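Trainee: In case you want the letters, here they are:
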Amino acid sequence: MKPAPFEYVAPTTVEEAVSSLSGCDGEAKLLAGGQSLMPLLNMRLARPDLVVDLGRVAALDYIRESDGRLAIGAMTSKRSVERSGLVASRQPLLHAATVLVAHPQIRNRGTVGGSMAQADPAAEYPAMAVALDAELRVVGPDGERSINAEDFFVTYLTTALQPAEVLTEIRVPVLAPGSGWAFTEVARRHGDFAMAGAAVTVTLDAGGHCADAKIVLFGVGPVPVRPRGAEQAVNGERPGEDLYRQAGRKASEEIDEPLSDVHASAEYRRHLAGVMVRRGLAEAVARAAAARGDA
Amino acid sequence: MPEVAAARKIRLKVNGVAHEALVEPRTTLADFLRGGLALTGTHVGCEHGVCGACAVLVDGTAVRSCLMLAVQADGAELMTVEGLAESDGKLHPIQEAFVEEHGLQCGFCTPGFLIAIYELLESDPSPSEEAIRDVLGGQMCRCTGYQSILRAVHSAAAKLGAARSASATPGA
Numbered sequence: 001m002k003p004a005p006f007e008y009v010a011p012t013t014v015e016e017a018v019s020s021l022s023g024c025d026g027e028a029k030l031l032a033g034g035q036s037l038m039p040l041l042n043m044r045l046a047r048p049d050l051v052v053d054l055g056r057v058a059a060l061d062y063i064r065e066s067d068g069r070l071a072i073g074a075m076t077s078k079r080s081v082e083r084s085g086l087v088a089s090r091q092p093l094l095h096a097a098t099v100l101v102a103h104p105q106i107r108n109r110g111t112v113g114g115s116m117a118q119a120d121p122a123a124e125y126p127a128m129a130v131a132l133d134a135e136l137r138v139v140g141p142d143g144e145r146s147i148n149a150e151d152f153f154v155t156y157l158t159t160a161l162q163p164a165e166v167l168t169e170i171r172v173p174v175l176a177p178g179s180g181w182a183f184t185e186v187a188r189r190h191g192d193f194a195m196a197g198a199a200v201t202v203t204l205d206a207g208g209h210c211a212d213a214k215i216v217l218f219g220v221g222p223v224p225v226r227p228r229g230a231e232q233a234v235n236g237e238r239p240g241e242d243l244y245r246q247a248g249r250k251a252s253e254e255i256d257e258p259l260s261d262v263h264a265s266a267e268y269r270r271h272l273a274g275v276m277v278r279r280g281l282a283e284a285v286a287r288a289a290a291a292r293g294d295a
Numbered sequence: 296m297p298e299v300a301a302a303r304k305i306r307l308k309v310n311g312v313a314h315e316a317l318v319e320p321r322t323t324l325a326d327f328l329r330g331g332l333a334l335t336g337t338h339v340g341c342e343h344g345v346c347g348a349c350a351v352l353v354d355g356t357a358v359r360s361c362l363m364l365a366v367q368a369d370g371a372e373l374m375t376v377e378g379l380a381e382s383d384g385k386l387h388p389i390q391e392a393f394v395e396e397h398g399l400q401c402g403f404c405t406p407g408f409l410i411a412i413y414e415l416l417e418s419d420p421s422p423s424e425e426a427i428r429d430v431l432g433g434q435m436c437r438c439t440g441y442q443s444i445l446r447a448v449h450s451a452a453a454k455l456g457a458a459r460s461a462s463a464t465p466g467a
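The listed protein sequences correspond, in order, to chains A and B.
So for the first sequence, this note's numbering puts the first residue at 1; every next one is plus one.
So for the second sequence, this note's numbering puts the first residue at 296; every next one is plus one.
These are calculated hints, taken from the structure and not from any lab test.
Model, not experiment: these values are computed from the prediction.
Just so it is clear, CB atoms sit at the ideal spot from N, CA and C, and this is done for glycine as well.
One thing to keep in mind: the hints can contain errors.
The calculated label-pair distances, taken between Cβ atoms and stated as ranges, are [stated by the list, open to error]:
| hint | chain 1 | residue 1 | chain 2 | residue 2 | range |
| --- | --- | --- | --- | --- | --- |
| 1 | B | Gly402 | A | Ala4 | 27 to 35 Å |
| 2 | B | Asp354 | A | Met43 | 40 to 48 Å |
| 3 | A | Tyr156 | B | Thr335 | 35 to 43 Å |
| 4 | B | Gly355 | A | Asp261 | 45 to 53 Å |
| 5 | A | Ala4 | B | Glu417 | 49 to 57 Å |
| 6 | A | Glu237 | B | His397 | 55 to 63 Å |
| 7 | B | Ala380 | A | Asp261 | 40 to 48 Å |
| 8 | B | Ala313 | A | Arg56 | 47 to 55 Å |
| 9 | B | Thr335 | A | Glu144 | 44 to 52 Å |
| 10 | B | Glu381 | A | Arg83 | 45 to 53 Å |
| 11 | A | Pro177 | B | Asp354 | 33 to 41 Å |
| 12 | A | Pro141 | B | Ser460 | 55 to 63 Å |
To spell it out: a stretch of chain B is covered by chain A in this simulated footprint if at least three of its residues, at any positions, have a beta carbon under 8 Å from a beta carbon of chain A; those stretches are [what the hints assert, rightly or not]:
| hint | segment |
| --- | --- |
| 13 | 338-352 |
| 14 | 447-453 |
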């Protein structure tokens, strides 16, 4: 199908984009990389009156490190993140999440900010943002504010962004010394949306026990889900296959009923959530142990 | 919703030829190339970014042209599948490899594959098996001819490599 008619503006600054959004009487949509919005337009599932294209806002395309954080402009492509040596060395979980997103051509156009604002519950980036405790910077008619990743994702395809706000930057802390991480998912085909996946971070204390375990599941709820019972079950314990299995069981029991659709039943997604937690923990602990060995 | 939005003027270069055209904002780049410029080598399959048949190069980067608006290509340099062969009709080494290795069956997906492989070999002249599969995974061939296409990529990489070393040899 073809998109229904819409008016189109291509501002060159964030301020112009905000005023285009706030000046629109009907529905306005921000176009970032277009890898989610364009299918919705083509299928006429979205019929905005106005499309505000951020593609000419050059100032939103950057990856910088400062104060122990990576700051990434919202219009930075996934391909730039994937190819960034800074990202690969300073926050490898972000790199790992990026290469699991769709296919090279989609990553060429798809942006960091676009994935956040789209808030697809099966997508990698929202889970990555929650796992890394990312801070999202947004600019609106009343100025700038920042939102924690966990507060940003409200429900399916819905974020805390107000209608005239533009997401401008995401900030993620660099990998802490001694920290282990994993980003794992199961999809029917490489590049498809995951049926379930997990982002895991963990450290090992002086006695070799698990500490600061953080587990974020995706594909199993309306937003990235933290199985806190499973996290608690891991902390303070000696790592091992039995512990990972037990945490996986706990995670799959404690999450709300997952979505059931043509790709996977709720029951299967619940099962996969447990498997992802088990595999993620094993991988993250192995990395934490290696990091300790290096220190 | 506007009944019809005012067309705007865009200027772009496709396969080395400059064009100026009026396009409605909702026109996808794929439809503009096919309908506006009569470059029908770019195929439109799924129209939602899944199949990869409509891939073209925009400023050297392979993109799904069904997921881009023509107005977004204003000022860009594009290459479509028509830009691969030389003006005398001599096929590009990737195209030759497709012919020799039976990389095309019904041919519908071929333009997208050729562009995807062109981008890959431009940035990585001797790609790993994994890198090739990552790229091919983004293109759909419903005849399921992937093994022949895989062989064609290896053969094309070898052809291009040989051509490069021949041109690098003094006096050759």
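Trainee: All hints are to be evaluated individually against the structure, with a verdict given for each.
Mentor: Structure-based check of all given hints:
1. Taking 27 to 35 Å as the suggested C-beta distance range, the pair glycine 402(B) and alanine 4(A) conforms, at roughly 32 Å.
2. At roughly 27 Å, the beta-carbon separation of aspartate 354(B) and methionine 43(A) lies outside the given 40 to 48 Å, and the hint is violated.
3. Between tyrosine 156(A) and threonine 335(B) the beta carbons are some 39 Å apart, a value that agrees with the proposed interval 35 to 43 Å.
4. Take glycine 355(B) and aspartate 261(A): their Cβ atoms lie about 38 Å apart, and the range 45 to 53 Å is violated.
5. The hinted window of 49 to 57 Å between alanine 4(A) and glutamate 417(B) is violated, with their beta carbons roughly 37 Å apart.
6. The supplied range of 55 to 63 Å is met by glutamate 237(A) and histidine 397(B), whose beta-carbon atoms lie about 56 Å from each other.
7. Roughly 44 Å separates the CB atoms of alanine 380(B) and aspartate 261(A), a value that falls within the hinted 40 to 48 Å.
8. A hinted range of 47 to 55 Å is violated for the C-beta pair alanine 313(B) and arginine 56(A), which are about 21 Å apart.
9. Checked against the given bound of 44 to 52 Å, the beta carbons of threonine 335(B) and glutamate 144(A), roughly 47 Å apart, stay inside it.
10. Between glutamate 381(B) and arginine 83(A), the C-beta spacing of about 31 Å breaks the proposed range 45 to 53 Å.
11. At roughly 40 Å, the beta-carbon separation of proline 177(A) and aspartate 354(B) lies within the given 33 to 41 Å, and the hint holds.
12. Distance hint check for proline 141(A) and serine 460(B): the Cβ-Cβ separation is about 60 Å, which falls inside the suggested range of 55 to 63 Å.
13. Restraint check on the segment 338-352 of chain B versus chain A: 5 residues with Cβ-Cβ distances below 8 Å, three needed, restraint holds.
14. Under a criterion of three residues with beta carbons nearer than 8 Å to beta carbons of chain A, the stated coverage of the segment 447-453 of chain B fails, only 0 such residues being counted.
Comparing the model with each earlier hint shows violations of hints 2, 4, 5, 8, 10 and 14; every other hint is respected.
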